[in-house]
Amino acid sequence: MLATLTSRRFLRSALPAISLVMILLPIFYMQPRTMSYFGLNLLLNLAIPIALATMAQMFVLTVNDLDLSIGSYVSLVACIGATWLQQTPLLGVAALLACIVVYGLLGALVHVRNLPSIVVTLGMSFVWLGLAVLLLPTPGGQAPGWIRTVMTLKTPMVPFPILAALLIGVLVHFGLMRSSYGAVLRGAGGNPRAVARAGWSVLRTKVTMYVMAGIFGMLSGLSLVGLTTSADANIALRYTLLSIAGVILGGGEFVGGRVSPIGAVLGTVTLVLAGSFLSFMRISPDWQIGAQGAILIVVLALRALINRRGSTA
Amino acid sequence: MNGLSKGMPRALLEKAWLGSFLAAAAVWAAAMIYSGGQGGGQMLGAALSFSTFFVIVGIGQMLIIATGPGNVDLSIPGTIALAGAIAMKVMDGEDSLIVVGLAASLAAGAAVGAANYGLIRVLRIPPIIATLSSNLLVQSTAIAYGRGLRVKPPPAFADFTTATVFGVPVLALCAVVFAAVMAVVLARTVFGRSVLAIGQNMRAAWLAGVAVDRTRLLTYTLSGLFAGLCGALLAGFSGGSSLDMGMEYLLASIAVVVIGGTSVAGGKANVPGIWGAALFLFLLLTMLNTFGAGAGVRLVMTGLIIIAVITMAGGDKPAR
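Heads up: the protein sequence lines correspond to chains U and B, in order. With positions in the first sequence counted from 1, the corresponding number in the working numbering is that position plus 25. With positions in the second sequence counted from 1, the corresponding number in the working numbering is that position plus 982.
Next up, chain B with everything else stripped away, as it sits in the complex (with noise of 0.2 Å):
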């Protein structure tokens, strides 16, 4: 039952985010066959660009997650959505205000995070319930704050979210780098073992003199923060915010996560998988788009892969 004594070995935890990358390889290699080679760098582009914003999100969920059965953020579509309306007010499409802007986003995002902790803290609240409320309460927030607006992103701001090198998108650049601080963080800081140590036993965290609260609190106002980054980026690449931006990032989020080779148990985190596991997703759609494939279908396949996967790599634990 312990998750702990069945903990997969290392070998077998590489090869899972490995997987997650070659599953997103075959894809794309399947859909160059299909169109004959046409578009594969262009494919390839679009996919980076989308994944970007699913590897933002899903690094903050992949925090909380690590922290052990039942953490979960659902609050992610509000942050996002009042984060983008915040941003393209305070920026107001003066490319002088964008760090005003994008500064005050981040802080909304943090806020929203630091204060679900204080939900699951102080009122005992479990963390599922805390934050769909709270999500409720942001995305009400957003929906009466960003009522009527109509900013367009400032320029310089809507040219540095969709600006390339080579064909590669710069965003994409950035969230490469920043997946790979986290992963540095995740593995050689205190924080990052105290998160792996909670998620794996948090009172026996507790008792090594783990700090869990502060780590938990921490991994709450990130998520928060990282959804809040997101939101502000979104905005600016897709020229303005609108209200139900995050909608999709509620399940996704968590489902980068898991095939990216995140135990739901807790303890158990992978930076690298949820870049596999997004570009993973985003390839697989574009895929059965080529081959002509409605929104119908896309999504039963969605759903299937989603429990292949899981059912593949087995629960040691049940996280529910």
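Pulled out of the complex, with its shape left as it was, chain U reads as follows (with noise of 0.2 Å):
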């Protein structure tokens, strides 16, 4: 039993957890009305789009590539959310839809001419964003009021984000972790020609996997936009970094195929929550960003530790 709680691998898929527990205990302990129904829905709202977000990144860091372009991606979402999606519905979705379209042919354009992922996404940070920019040159729009009842949902005894929170993790658990084509998709980042050898198309597979983070980008954009209403076109251009940070705090690895959904979610949730943390202990805001730098740096550097120890061993 003890072997089992101190073996590599569990200390390892434990990290992430381990990690929201240190940062939500000191929480409750300095703000204990924080543990309330409200408090924690107020803590942990905008989580919801920024996990989103963070799956996104997971697909797309699955099959070995990086998205650059998910943050004004997300944004141009939040516009088309706050503008068309209101006022021409049908525009809205085919937008929508044709941005989703435009994700799969990234996938295929990054496999077919074997390009580097992190260039070919950089280029397209800046055409999300141009569009963005086009579509809502100034801040403003208003979110349609489905997605608002969605997202302001008062559901019975736990709070809807951490619902939500949950059940975008554990889905995407059983469509990637534990589904027969979730282990091709997974083996066509750890190897492709192994995956191509057994007669599966790794470049359906890249599609697939980029079209799932168009549509997860999507989701995000629209959560977003029910959260805070209204939309601009610099709204989530944090994401792109948070969305990495948050996979690779979640025991996900930049080669390889390693990734882990539900650590995923917690790592973004750690993220979201390293800022009240500095508030609640009368930190300056100036170092918000810092304490996601480095919070990074010191859950890797125990990942690190535990690698060597586990090697070692």
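No wet-lab data here; the hints were simulated from the structure. Only a predicted model underlies this, so the values are computations on that prediction, with no experimental measurement involved. Be a bit skeptical, because a hint or two may be false.
What the hints assert, rightly or not - Partial selection, computed: residues in chain B whose CB lies under 10 Å from chain U:
1) Thr1146
2) Val1150
3) Val1152
4) Ala1277
5) Gly1278
6) Leu1286
To be verified - To spell it out: a stretch of chain U is covered by chain B in this simulated footprint if at least three of its residues, at any positions, have a beta carbon under 8 Å from a beta carbon of chain B; those stretches are:
7) 137-151
8) 195-203
9) 261-270
10) 304-313
By construction, the Cβ of each residue, glycine as well, lies at the ideal position given by its N, Cα and C atoms.
Got two chains here, separate frames each, mind docking them using the hints?
Okay, here's the thing in structure tokens:
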């Protein structure tokens, strides 16, 4: 029993949960009122769109690519949500579908031409942002009522953000980690040649993952605009780096298709809570983004420690 | 799959950097035709001025990208902001303190770079995440340090950063010399050859006796140093430091390196191409501006061109 509890594998997968508890306990201790339904709702509200964006990033990371455009893509979706989707729903839906198709095409382009995804998505980040600026030059717009209703749902007992985060994590976990095609998808990140030799189309796995990223990025943008009720072109730019950080914090690796959906959700929540943690500690908000950096470094240092111990043992 | 086996022939490599200059010239000519030959010199002067800053950080970014897949410096924006704030605070508007201030900001930049490699090497954190985390920390430091900072640059420093000789910015001339020196360093020194060797195959380079750790440490330190230099100069050029003045350099530094013909797969670097790419990107935006295009169209065009360039150049080996 003790052996399993101290095994490298267990420690690695428990690390995201442990870091979350480490940051949640002091918050509860310093401000017990956050333990209420309302407090948790307030604390974790913004975690939903970030968790969805993190999932999108994770799909791309699974096939050894990196998406530097997810932040501006989420911004664009939020802008579409606050304008077209509200005024002319048909046009809005068509635009969102077109965005997802573009994502799939990007996956195909990266695979067929063997391009570095980091550069292609870097270019796309300018394109998405440009489109968002064209659509909504000044902050404004209004979220459709139905999205706001969903995002302000009063669920019984457990606050909505927690349920939503759990649902996202578990759904993706079963899709990617437990299904047979999920294994193929992850295999395409681990060893594309082997997957190709086994008769699977690597092109198809790449397109699938990019389309999934497009879908989850869209959900992220829509949930964000549901919370903020209006949008602007720069609303989610920081999601790009935050999503990468969340995946890595949750136990994902840059290569080899090693990811953990539930870990990534926990990682995201940890990063989101870092800000509240500082304000409860009465530390100047100047250090808010710095704290996210520090958490990343500390958790990854711990992981390196676990890995090293495991390899010498 | 291997970058070496399909390595571009030298002639093609040279064509790659020529291309970015030709593109820059074409864009300039198009803007000239549209405006009927008005303000062409001014446009070039402005392009040289602004490109200077992109070239300085671009060369640092190039050294890191050339050491192989996954290596990238995302801490440039924070470093620029911090170095700018430090330069302005130390100089305190006094001409006599210019050298001290410049030294302080360079030291800060180099320290950030060295710390980045420390995270990568000691804690085994992937470079993207290591530099991303340190960027967050450095940016926070810059915010806390530079809060309420309203110091103007010393007159002599401001004059130097905005001076021109026959319409050519002095800073741009310095940056041309700087780029030439770095091109020689890359092609002729042990350090330069080591960078390229590591980029082609780190393990092979190590087995061949290349000081891998020292070289990589130096690339990250130099990138930080150049970002520090850029921050100090930018603060002088724009009449004071601001906390978000480094923002656009995060993606732009990568863009100029890639458009300039440096391979993201590593092992292939191109210094002149960075100048061409920086001029091209700036002139492109100016051209779209003269055509009356709004900010949105300019962004979309920039993005599409980056994608078009990389699609045409093709990837012989995916970096990620």
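These are the hints, each one checked on the structure:
| no. | hint | in the structure |
| --- | --- | --- |
| 1 | Thr1146 | violated (31 Å) |
| 2 | Val1150 | violated (30 Å) |
| 3 | Val1152 | violated (31 Å) |
| 4 | Ala1277 | holds (5 Å) |
| 5 | Gly1278 | holds (3 Å) |
| 6 | Leu1286 | holds (6 Å) |
| 7 | 137-151 | holds (count 13) |
| 8 | 195-203 | violated (count 0) |
| 9 | 261-270 | holds (count 3) |
| 10 | 304-313 | holds (count 4) |
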